[in-house]
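**Q** Sequence:
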Amino acid sequence: MLGYNVRVNSVHPGVVASPMMDGILASYSADSGQSVEDLKAGILQSCLIKRFATPEEVAAATVYLASDAAAYLNGAEQLVDGGYLTT
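Letter 60 of the sequence shown, counting from 1, is numbered 59 in numbering that gives the first Met the number 0, and no numbers are missing.
Hint data in this document are derived by calculation from the structure and do not stem from the laboratory.
Quick caveat: nothing in here was measured; it's all calculated off a predicted structure.
For each residue, glycine too, the CB sits at the ideal point set by N, CA and C.
If a hint is listed, it holds; no wrong ones were tucked in.
Pairwise CB distance ranges, derived in the manner of DEER restraints:
(1) R50 <-> S28: 15 to 21 Å
(2) A40 <-> R6: 36 to 42 Å
(3) R50 <-> L72: 25 to 31 Å
(4) Y71 <-> M19: 30 to 36 Å
(5) V35 <-> L72: 33 to 39 Å
(6) D37 <-> Y3: 47 to 53 Å
(7) S31 <-> A75: 32 to 38 Å
(8) E56 <-> G22: 17 to 23 Å
(9) Q33 <-> L84: 19 to 25 Å
(10) L84 <-> R6: 25 to 31 Å
(11) V35 <-> A70: 41 to 47 Å
(12) S26 <-> S66: 35 to 41 Å
(13) A40 <-> V62: 28 to 34 Å
Capping the alpha-carbon separation at 20 Å, the derived lysine to aspartate or glutamate pairs in EDC-like fashion look like this:
(14) K49 <-> D21
(15) K49 <-> E36
(16) K39 <-> D80
(17) K49 <-> D80
(18) K49 <-> D37
(19) K39 <-> D21
Sequences are here, hints too, so could you generate the full structure?
**A** Shown next, in the form of C-alpha cells:
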C-alpha cells in the first residue's frame, strides 16, 4: 500500500497434515467407501514431494514473508504445496 510502508504478500498452502485434514479425509472416506489410506495415496500421486506439509512448514513461509529478509517483496504468492500438480 503505497505511502503507508505496507507490503501485501500471501501464503498458499497445499495439503497440510492436521486434525482438520484428518476430518476431511474421514468424511470423504465415509461418503466414498474408500479407505483414508487410499484417499491419501491418491492425493500424494499429484504431489512431487510425496507427503503432506507440516503446519511448521507453512508457518516458516509465513514468518519469512513477514520478516526483514523479505523486505523488498511485495505482491508475492508463496506456494507451500510440495510441488502439487493441478493438471
